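Chemist: Residue strings, one per chain:
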Amino acid sequence: MASSIPHIESLVYACVPLARTDESLKNELVAHCQDILKSHIGHTTEMNYSQLVDVIKRRLLQLSPNGASASKFSNLVMRLVDQPVLTKKQEAVQFLSTLSTLNTHQSASITMPGLPRPSSGRPVAPTTHVEPSAGDWETTLSNAARLAEFRAQRGVALLNESLLVRDTLYLMQGISGKYVRFAISQASEKTLVFTSDSKAAISPSTQALVHRLAELGYLYSRIDAFVRERENAPGVGMIEQSLCHYLQTQLTEYYRLIAVLETQLSSTRSSTNRIPDISKEETGMSLRRLDVWVNEWRLRMRMMSVCVEGARDSHGGALVNLIHSYTDNGDPFVRKFTHELLEEVSRPFFATLHKWLFSGELYDPFEEFFVTADSSLGHIPYVHPSSLPGGINQLSGDPNSGLFNQDGEDISGLHESGQKLWETKYRFRKDMLPFCMDSDWVATREKMSNTSGSLSYGDIAGLEKSIDAAYQLASHRLFEVFIDKFKLLDHLSALKNFLLLGHGDFADQLMETLAPSLTRPANTLYRHNLTANLETAIRSSNAQRDSVDVLRRLDARILEYSHGEIGWDVFTLEYKVNAPIDTVLDHEAMEKYLKLFKHLWQMKRIQRALDKGWMRVTGDARSFIHLPGQYPYLSSCKSAELCHAELEPEWHKIRIVMTEMIHFIRQLEAYCRLEVIECSWKVLIDFLNKKEGDLDALIDAHRTYLDRTIKKVHLWHSKPGKEEVLLRQLLEIFGHILQFREATVRTIYESVSTQLTARQDNFYNYCLSRSALKDQAMDAERGVYTGAPQDAGAESEDALSGVLDRVREFGAAFSDRVQTLVHHLQVHPDLDCRFLGIRLSFSDYYRVKKEQQAGQKS
Amino acid sequence: MSTKEADRNSSAQQTLDILYEISQLLNTQLDKATLATCIGMIENGVNPEALAAVIQELRREGAHSTGQSTTASHAR
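Those protein sequence lines, which keep their order, are chains Z and S. Residues in the first sequence are numbered consecutively from 1, following UniProt numbering. Residues in the second sequence are numbered consecutively from 1, following UniProt numbering.
If you are wondering where the hints come from, they were derived from the structure by calculation, not from laboratory data. Not one of these hints is a red herring.
Calculated pairs, PhoX-like style, for lysine-lysine (alpha carbon to alpha carbon, straight line, at most 20 Å):
{"#": "1", "chain 1": "Z", "residue 1": "K88", "chain 2": "S", "residue 2": "K32"}
{"#": "2", "chain 1": "Z", "residue 1": "K653", "chain 2": "Z", "residue 2": "K612"}
{"#": "3", "chain 1": "Z", "residue 1": "K487", "chain 2": "Z", "residue 2": "K576"}
{"#": "4", "chain 1": "Z", "residue 1": "K89", "chain 2": "S", "residue 2": "K32"}
{"#": "5", "chain 1": "Z", "residue 1": "K576", "chain 2": "Z", "residue 2": "K598"}
{"#": "6", "chain 1": "Z", "residue 1": "K682", "chain 2": "Z", "residue 2": "K487"}
Because the structure is a prediction, the values reported are computed rather than measured.
Construct the complete structure from the given sequences, taking the supplied hints into account.
Modeler: Here is the structure:
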């Protein structure tokens with residue numbers, strides 16, 4: 001070591017310039033230095049080169065976090081390694097590093113004098129407790145240092161942080177620590193009380209930190225209390241039970257975290273002093289470190305606490321809804337947490353849903369999911385909570401599922417339809433399941449539960465799919481049941497045959513038997529008469545071969561009537577449908593059928609009236625009104641000749657108008673029958689024969705069938721505001737036809753009540769009475785007395801002109817209306833209706849007529 | 001001076017430069033001459049940590065003595 005003396009001397013000179021002049025001081029210092037060098041400083045540390053470099057780098061990073069100096073340092077070290085001169089590079093670097101640590105520790109010891117030196121066991125330590133007396137240091141004294149000095153003067157010592165960490169760990173479990181404890185005063189609001197011992201003071205910044213950490217403890221105790229309370233309470237719903245379970249699991253996780261932290265703490269505390277201070281700084285537990293550790297848990301605890309708060313007010317399905325509302329969160333952490341939570345919590349809900357979907361049972365022992373009784377829905381005891389706005393029904397977008405509507409738009413509409421469907425299905429369950437509980441149904445159920453698996457929140461797509469699958473299966477099964485078991489097809493064809501007058505012979509018979517009574521005022525009709533007539537019509541037509549079940553449902557009815565209405569206005573056939581099939585043939589559909597029947601029945605009536613009238617006009621009129629005219633040698637009577645000569649052209653005109661009417665009504669009937677009813681029917685039958693699709697499709701198909709029929713039969717115009725224009729015209733035409741017929745020929749029995757006056761008020765009767773008079777006159781001529789000769793010549797002339805006027809008027813009105821109708825039909829948007837127009841005005845009959853009229857006018 | 005000697009000198013110079021830079025980086029507040037002396041001592045087998053302690057001690061002494069001298073001069 002003697003060789004190092006000159007070096008030491010030069011060092012002394014460099015550091016202590018005073019020593020150059022003061023020999024004794026120099027000698028003293030050199031001796032002192034030699035003492036230090038000979039001591040055991042530094043002999044304890046064993047570090048290899050890379051370790052050393054790492055430690056230095058880390059410290060550089062701490063000093064300047066941007067990393068520039070660290071990278072520069074590693075660069076320099078690399079270069080140093082390449083240098084061949086030095087043999088003890090590691091020692092050189094270590095020397096520098098130690099020197100620098102000593103420097104920095106000096107400043108560190110200034111900022112934290114209250115805390116024991118972490119490396120206090122080391123012999124170097126006394127040298128580091130250098131009081132910064134030099135003016136050089138005075139200027140760099142920070143505020144923190146000044147505060148520390150102040151504290152040191154007042155004798156306030158800061159509490160050891162590790163003790164605080166320990167306390168904080170207690171606080172996080174809701175337990176009061178030694179230095180920091182929860183105030184017990186207010187029941188709910190927990191505040192922290194810090195110890196006021198001056199020996200163990202806690203700085204305000206640390207207090208804030210402890211406060212932050214203690215929040216966890218507060219939340220923890222709330223959640224824990226909730227779980228305990230629910231555990232003991234009776235009648236807690238399944239949703240809440242699973243919520244408690246999830247919370248308990250989370251709390252267990254939390255315990256684990258605390259346990260880990262505690263281990264960490266005790267390991268640092270028990271560690272020996274020999275551990276170098278750097279590594280201790282790395283692994284030691286501080287409040288800040290603790291804060292980082294539990295940061296995520298704080299969020300989690302907050303979420304749980306919010307859920308607990310929510311669970312106090314809401315219950316069952318509403319609770320699920322509440323939690324579900326948190327999933328719409330931009331924070332991925334919150335979203336994920338809520339998702340996990342929902343996964344657990346919604347399990348009972350999905351179990352119930354599953355049960356309901358696949359076995360149709362509404363099992364809800366704790367009344368969690370059905371929260372309100374809705375009296376407006378009568379037979380349905382509860383409204384599903386999913387019907388509450390913004391509820392879990394927004395999970396899925398399939399309105400057919402009847403449960404879920406996801407798309408925000410038109411929720412109410414979807415919801416309504418969903419609810420309707422639900423209602424329908426509920427009714428099925430109630431009404432039909434007793435019928436359906438056969439082996440097939442068991443098989444179907446088997447199939448359904450195979451496809452479903454279990455439902456869970458995470459698998460919404462799967463849920464939708466399984467709902468769809470189950471719905472399709474069940475629906476398909478229902479479809480089959482409808483066709484096979486309930487003979488839906490029979491009912492549909494019965495409706496077509498009876499209400500839509502598909503059975504021609506039946507309709508004719510019914511008309512025949514009913515016509516006399518229907519001309520009477522409505523209040524003289526009796527239902528039993530009508531039903532008897534109906535019975536007769538059925539017996540005498542092919543309808544008797546229809547099945548009993550169908551005929552049983554057929555009934556005649558009198559609609560509500562007002563004053564002045566006659567039987568034709570109020571009579572209707574009725575077909576009764578009962579529970580299962582009224583899903584398809586619902587009330588609305590039956591009303592449409594009745595509407596159609598009314599229209600077709602009227603058409604039939606007019607056709608029949610025209611038929612009868614035509615027979616009169618051609619047959620009877622010819623046979624006995626013209627009889628005298630055909631034997632001119634007998635008709636010496638002037639009036640008879642007058643009659644014949646005058647009236648024959650009138651008869652001819654009447655026949656022309658009547659033919660026109662007959663053409664009109666025949667075309668109309670053919671159109672209704674062939675192009676409307678049969679075509680629509682074929683579409684429906686094709687659908688049914690395919691046996692694809694489900695109940696909804698079936699209902700839809702039937703609805704389309706009816707709508708199409710009714711629209712075309714009523715010549716529905718698609719333009720808004722003009723829908724019923726053509727129908728009104730049609731009804732007017734019907735009215736004119738009837739009036740015309742009344743004015744020309746009227747069967748005797750139709751005018752029983754007004755027989756005497758009727759004699760004169762229609763053309764046929766007029767001719768009849770005239771020919772009777774004529775016969776009488778002829779008889780008188782031949783000398784046979786057949787009655788008192790009536791001289792009604794003058795007044796009958798008046799009557800004749802009146803009658804003829806009316807006949808012409810009605811004929812012209814009819815023709816006009818038909819012209820307008822045809823005109824409208826020719827521009828009708830519906831192609832079938834347009835064809836009807838063409839057929840009504842075959843070979844442009846009405847156009848030519850119109851032109852002729854126009855020509856006559858001009 | 002042979003080329004070998006020159007090489008050796010220049011590389012020694014380089015090494016010293018590098019070490020000086022490191023010491024700057026670590027804020028040891030050593031000047032180049034002192035650093036060279038210290039490196040030489042370390043090469044001779046002095047314990048680096050002990051040496052660091054020596055430097056520290058000497059600095060303290062130096063500061064003390066200059067402080068004394070300045071106060072003395074003030075007193076005068």
